[in-house]
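Chain by chain, the residues run as shown.
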Amino acid sequence: MKLSSRHLLGIDGMTAEEVALILDTAEGFVQISAREIKKVPTLRGKTVVNFFVEPSTRTRSSFELAEKRLSADALNFSASTSSFSKGESLLDTAKNLEAMSPDFIIIRHSEPGSPHFLARHVDATIVNAGDGAHEHPTQALLDAFTIRKHKGRLEGLRVAIVGDINHSRVVRSNVLLLTLMGAHVVVCGPPTLLPREFDAMGCSMTYKVDEALEGADVVMALRVQHERMNAGYFPTTREYARQFGVNGTRLKLAKDDAIVMHPGPMNRGVEISGDLADGARSVILEQVANGVAVRMAVLYLLAGEPARETTS
Amino acid sequence: MKRLLKNGRVVDPAGGTDGQRDILIEDGRIAAIDESIEPGRNEVIDLAGLTICPGFIDMHVHFREPGQEWKETVATGAAAAASGGFTAVACMPNTVPVMDNRSLVEFVRAQGREAGMARVWPIGAVTKGQNGEELAEIGDMFEAGAVAFSDDGRPIRSSQIMRMALEYSKIFDIPVIDHCEDRELVADGVVHEGWVSSRLGFKGWPGVAEDIMVGRNILLSEYTGGHVHIAHMSTARSAQLVREAKSRGSRVTCEVTPHHLVLDHEAVMGFDTYTKMNPPLRAAEDLLEGLADGTVDAIATDHAPHHCDEKCVEFSRAPFGVVGLETAVSICLDRLVHRDIIPLSRMVELFTTGPAGVLGLDKGKIEVGAEADITVLDLDREVTVDAGEFESKSENSPFLKWDLRGRPVLTMVDGRIIHDRR
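Chains as they are written, first to last, in my numbering: chain A, 1 to 312; chain B, 1001 to 1422.
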């Protein structure tokens, strides 16, 4: 089986079979990272541009490692050091990158739809590494991979996602992916940070954190970004932590074997308590480790001949 | 020279006419209307099978001159209007510099006359520099030919300034047109706030931001007796507020755009910047009742040309606005008339006596003695929207490649043919 699109722009538009294919493929890549020689020749001769217009440490490093372990030539192109910061348009920057004949462009950008824009205008395979508050498909895939490792399945699980839903691309990709795979997702945050009609995506919504955690198999806390802290969405960080912080007391409402996740970077003591983040139920660092394998799987599958051409 | 329009079906809502009439034009005016007029030695224009309407008026366009001539000029805009079946347009003052004084009003009128296409009526700014702080010289601009006043694109934030504008406009009996938007509620909004904005991760633009200002404007209009006109109304709640105000006899009028009448917010899901405008696409269905029941006074395009390079950027960084002059009539015929949402006579009214009435002008009628401004429609002409055929300098239309039935085929101003594709 192959992926139907030559790009990975989002979870939106993917089928359950495609998600399962990526997760299954990633299983095979996990052990490569455990070897002494962490490298396979799969993408030898392929060029990958990591085009990160927005700051990122975790995701960019993860992609870079995935590329290098697949023997691809990786070029890092970040906003601050490029002509992009001199006012060159995204289109012109992308056309210039394209002139260097990359096979893949991995894009991180602050504006929703930027990867889709790129896919319309350049020939390379585009992978969305986060576009504003829209999608972050490889994060959702690595989250699903991590959940599946622990729970053996996705179908029928209850997943609670707590935090700044409004500004999170992670939550959107996760809701799309997990509901596609038959999980039930409940999103929770202050009403000021819950997007209107968000339940149209197939999840349920609540601003009562106890209700969200009740019986959960998976509890995912989302980062509260610093710039939101003083923007009037909630009174103080302290009050946020009291109302919505995931901590040991609240976790008692979840199932006994519930796992705790966070896409990072964390604000300890705000959206998640430090002891929980470091505790036995936390799988936060596994998420990071699995990210490399999942991204290797994505690149590997996209490098194959597509079954049919689509540019969503 | 005399011209005889022969064998056409005349639809003139003002005179209650819908039937075959011949129209004789002499010296730029309508000299006679009758069921049959002998050709004699006059030039005959045979319009059998076609529909003759009073010249269409678009009371809300942006022609970008002076200042942003790469997007549009008065001449290219007026040519686009003629091609789209419009014989007159009212152009908004958000030029660079802002049209807030007599000399710019005169300049735009002169450019319009020179172009010799559709009539170009300037709309003056309400406040100096559209800053919303001090009234501009409304009287001077009125005397120079401004037909209305607006800070369009910038809502009049201060209720006090809006009150002053409505009070002062009474001297000239002209409307103050407001772009209704509570700026704080909209903030960096990009698309309508609803499930689409939530799914795409865009900052939402709530309908209530419009409703609040519509409500304020109605209250101020009722308090002052000034005439307020709501530009490009986009929500059901605003329509309801206007409907109620009208039933109280208030001097409140409103317009809607063709794109808000046929497109929903789902249209933005492909991140096509040609679906990005202000106000954003919401729910077309919400406006149709007001269109049919008389709440809406006019259909206006809000023709907002932008160069394709400016639109070819990330969605949230693209400027707001779409062109509309060359698609409006086909869109309305295909989507409103042929789909039985409104009858043809109502559509013609929304493009003729409707906007003329808002502007207080004796236009939009086919009657003896009137200036011979005529729009001729072929109700069944099939058209595929093609930017390559646009007279406008810009192509930012959400309707590119749409297949539509119905098209304007002949446009006349003062009895002169300014566009002909029969």
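A hint or two may mislead.
Unchecked claim - Covered by chain B, according to a simulated footprint, are these stretches of chain A (three or more residues, beta-carbon under 8 Å):
#, region
1, 49-61
2, 197-203
3, 220-227
Stated by the list, open to error - Below 25 Å or equal to it, Euclidean Cα-Cα: the simulated BS3-like pairs (lysine-lysine) are:
#, chain 1, residue 1, chain 2, residue 2
4, A, Lys208, A, Lys39
5, B, Lys1401, B, Lys1311
6, B, Lys1203, A, Lys208
7, B, Lys1311, A, Lys95
8, B, Lys1311, A, Lys86
As the list claims (entries may be wrong) - Computed footprint of chain A on chain B, listed as stretches where at least three residues anywhere in the stretch have a Cβ under 8 Å from a Cβ of chain A:
#, region
9, 1052-1058
10, 1067-1077
11, 1315-1325
12, 1362-1370
None of these hints come from the bench; they were simulated from the model.
Here the structure is a predicted model, which is why all the values come from computation and not from measurement.
All C-beta atoms, glycine included, are put in the ideal place defined by N, C-alpha and C.
Hint check results:
no.: 1; hint: 49-61; verdict: violated (count 0)
no.: 2; hint: 197-203; verdict: holds (count 4)
no.: 3; hint: 220-227; verdict: violated (count 0)
no.: 4; hint: A:Lys208 - A:Lys39; verdict: violated (47 Å)
no.: 5; hint: B:Lys1401 - B:Lys1311; verdict: holds (18 Å)
no.: 6; hint: B:Lys1203 - A:Lys208; verdict: holds (24 Å)
no.: 7; hint: B:Lys1311 - A:Lys95; verdict: holds (16 Å)
no.: 8; hint: B:Lys1311 - A:Lys86; verdict: holds (19 Å)
no.: 9; hint: 1052-1058; verdict: violated (count 0)
no.: 10; hint: 1067-1077; verdict: violated (count 0)
no.: 11; hint: 1315-1325; verdict: holds (count 3)
no.: 12; hint: 1362-1370; verdict: violated (count 0)
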